[in-house]
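Using the sequences and the hints, build the whole thing.
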Amino acid sequence: MESPMAVSPSGIELSPNASDAVVVRDLTKRFGDFTAVDHISFEVRTGEIFGFLGPNGSGKTTTIRMLLGLLRPTEGEARVLGIDITREPQAIAARVGYMSQKFSLYPDLTVDENLTFYGRAYGLRGKVLARRKDEVLETIGLARQRTRVTANLAGGWQQRLALGAAILHRPELLFLDEPTAGVDPVSRRNFWRLLYDLAARNTTIFVTTHYMDEAEQCHRLAFIHRGKIIAMGPPGQIKRDRMTGQVVEILCDRPDVAIQALREAGVPEVALYGQRIHAAGPGLEARLSALESLLKQAGAGPRTLRIIPPSLEDVFIANVKTSVQ
Amino acid sequence: MKSFSLARLWAIMRKEFRHILRDRRLLFLVTVSPAIMLTAFAYVFSFDLNPARFAIYDQDRSPQSRNLVAALSHDRNLIVLGEVDRYEDLRQGMAAGEIKVGLVIPPGFGRDLQAGHRTSVQVLAEGSDAINASTQMAILSSRISEWGQQYETLDIPQPVELRAITLYNPDIKGRYSMVPALLAIAMILPSMAVALALAREKELGSFESLAATPVRAVEYIPGKLIPYIIFGLISAALAVAVAVLWFKVPMKGTYLDLAGFTTLYLWATLGISILLSNFITNQSTALRAVLLLFLVPSFFLTGLIVPIDEQARFVAFTLPATHYVAINRAVFLKGQGWDALGMHAFVLLSMGLFATLFTILTFRKRVG
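If you read the protein sequences in the order shown, they are chains A and B. Position 45 (the first sequence) corresponds to 45 in the numbering used here; numbering is contiguous. Position 166 (the second sequence) corresponds to 491 in the numbering used here; numbering is contiguous.
FYI, nobody ran anything at the bench for these hints, they're computed from the structure. Treat the hints with care, since some could be wrong.
Pair by pair, the computed Cβ-Cβ distance ranges are [to be verified]: (1) B/L678 to A/E77: 50 to 56 Å; (2) B/A332 to A/G57: 54 to 60 Å; (3) A/E75 to B/N607: 28 to 34 Å; (4) B/A566 to A/F34: 53 to 59 Å; (5) A/G182 to B/A332: 43 to 49 Å; (6) A/G32 to B/F342: 38 to 44 Å; (7) A/I83 to B/S675: 36 to 42 Å; (8) A/E77 to B/F683: 49 to 55 Å; (9) B/Y580 to A/G182: 38 to 44 Å; (10) A/D84 to B/A332: 47 to 53 Å; (11) B/L678 to A/E88: 27 to 33 Å; (12) A/G57 to B/Y580: 32 to 38 Å; (13) A/F34 to B/D664: 56 to 62 Å.
All residues carry an ideal CB built from backbone N, CA and C; glycine is no exception.
Structure (structure tokens):
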């Protein structure tokens, strides 16, 4: 059974063409009774940054492992750079780069030794290897850390080194599985700058994340939830098309009281972001003054209520709810 | 198996050497630990350290039998716990674990010797501690034989017959046969190291990254195996040095033969260890698997301590250590080489080859 949510949204998707870096059709992976990935279909276009979003355990890593040829799909098919993942899984490795979720370089080797090893594993040697290492170290900004033991590098630097090891052989397609998990915001921003540079040089990037601010920076997104794709498209379009109603941002003295009052008044989505409440639902714009008096009555002490453009997070939460219902 | 790349194999090997040289635990396991283990075990299982503790049941009570008891009581290698008056006391003492070895001098012992006839004594041993019992029996037996020499004549070269298995000159020779055999146990340590290293690669997640590269099993497996065989040989050289220089075990064979046999043994044990590791994803399980499947059975089933039991013969045959114990004893003590030990060498070679091929063929870039 295929959920209607799993199909490409709103028919805006172009039909797959030969230049797509990744084409996935009804890809499914079951582990015993558990369906980790449930009939997903999507395309990744050459040269784009494709964001694959979803909470932990939603099937992101399983999908990547199938696309890398490391896991055999239970059903469905996929082509990566034109290679059938079930027929020639071995052929994928040489042409793609992969950065796994867990930091996976060798902690006891130095920066240079790790790059040398991965370079050789991809068949680089001699002068070519030396030149590529220099380039990559320059790109990731670790030229001065070259002789340091990897275990002693800060988290953000380790991530960049892992990216470096993945791009050493100049892959056409890069799979990044939560590359910035557990890294500080500044390092995350720097890391994304690197990704933009790579994309500008025509490397296709398939990146999973659960940071919404990162998702906003992708060219196109797919939301995956419980193994199914529940929304797909460019971030702006997803926000326009997939969000029914408006989001009201509320600042008040007693957020707890306000949340209670809003829920009792039947507002479909109420969530707290720091000090701000996001209330979402259809027709809220017209009820703005009614909401304000409601909050006054409840004693929440409302200060500002304004309509804001929905963030991806709002969209995601709204869509997860619909898909579960 | 297609598109094998020597460069990738070499890359794995170099990386592996670096890991070993930087990880003190691994380095310890694949260099000095076999020598240390060998030394410790050689002392634990030595036959000449503990004086035999035994009880005597003298049924004869003749001047000759009293003379034998007195002679044994004065021997500094024996501790005479006492004499008993009934056979039953001997049994009870053994059941309680107080007496390890009992000597029974039968009636007519003195009379027979006096008359120039051959006679016999019975040596009983408590079997639950087999090593200890056989050691003590051996010591006791040799002392009785020495004592019996005074009644020796041309007709009767051995006047006192022993109703027990006699190990010749156990003080020294025991260790001579033990040390080369213990080498087989000690040389399992490098395979423990390789199992740990493989499991660690999986724990760290490095294996997943490696799996996503074009590196293939046919490069990865030999790339792991070869550095460990090389380090294994270094550790074997150290352990053999300890055996020859410290324990003064005579080396009647050639070192070149021994190195060849050792390479086969390392290949077999490391190969099986890698095969097991294929199914293991964490270090503690890897350690337990090697201990339980390798070290423990090798100790008890390979003829190291007790002769190979008939029923365990098949199991023993499947353990590389069985063959290496036999090889080492033959090379060290008998000076035998490839001609005499070809069968054992062939079994080890088959094990190494089979384990490696099987690992490569069934190797999946398993990630979780």
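State, for the Cβ atoms of A/G182 and B/A332, whether the hinted interval 43 to 49 Å holds or is violated. For A/G182 and B/A332 the Cβ distance comes to about 35 Å; the hint is violated.
Range first: 28 to 34 Å. Now tell me if the beta carbons of A/E75 and B/N607 are that far apart. holds (31 Å)
Verify the CB-CB distance for A/I83 and B/S675 against the hinted window 36 to 42 Å. Holds, since A/I83 and B/S675 (Cβ atoms, about 39 Å apart) stay within the stated range.
In this structure, is the beta-carbon distance linking A/D84 and B/A332 contained in 47 to 53 Å? violated (27 Å)
Can the suggested window of 50 to 56 Å be confirmed for the beta-carbon pair B/L678 and A/E77? violated (39 Å)
Kindly confirm whether 32 to 38 Å is satisfied by the beta carbon distance between A/G57 and B/Y580. For A/G57 and B/Y580 the Cβ distance comes to about 58 Å; the hint is violated.
For the range 54 to 60 Å, tell me whether the beta carbons of B/A332 and A/G57 fit it or not. The hint (54 to 60 Å, Cβ to Cβ) is violated, given that B/A332 and A/G57 are roughly 39 Å apart.
C-beta pair B/Y580, A/G182: status relative to the range 38 to 44 Å that was hinted: violated (54 Å)
For the range 49 to 55 Å, tell me whether the beta carbons of A/E77 and B/F683 fit it or not. Violated - the Cβ-Cβ distance for A/E77 and B/F683, about 31 Å, lies outside 49 to 55 Å.
Holds or violated: the 53 to 59 Å window for the beta-carbon distance between B/A566 and A/F34? holds (56 Å)
Hint says 38 to 44 Å; check whether the CB-CB distance for A/G32 and B/F342 agrees. Since the Cβ atoms of A/G32 and B/F342 sit about 41 Å apart, the hinted range of 38 to 44 Å holds.
Is the distance from the Cβ of B/L678 to the Cβ of A/E88 consistent with 27 to 33 Å? At 29 Å between Cβs, range holds.
Violation of the numbered hints given earlier is confined to hints 1, 2, 5, 8, 9, 10, 12; the remaining hints are satisfied by the structure.
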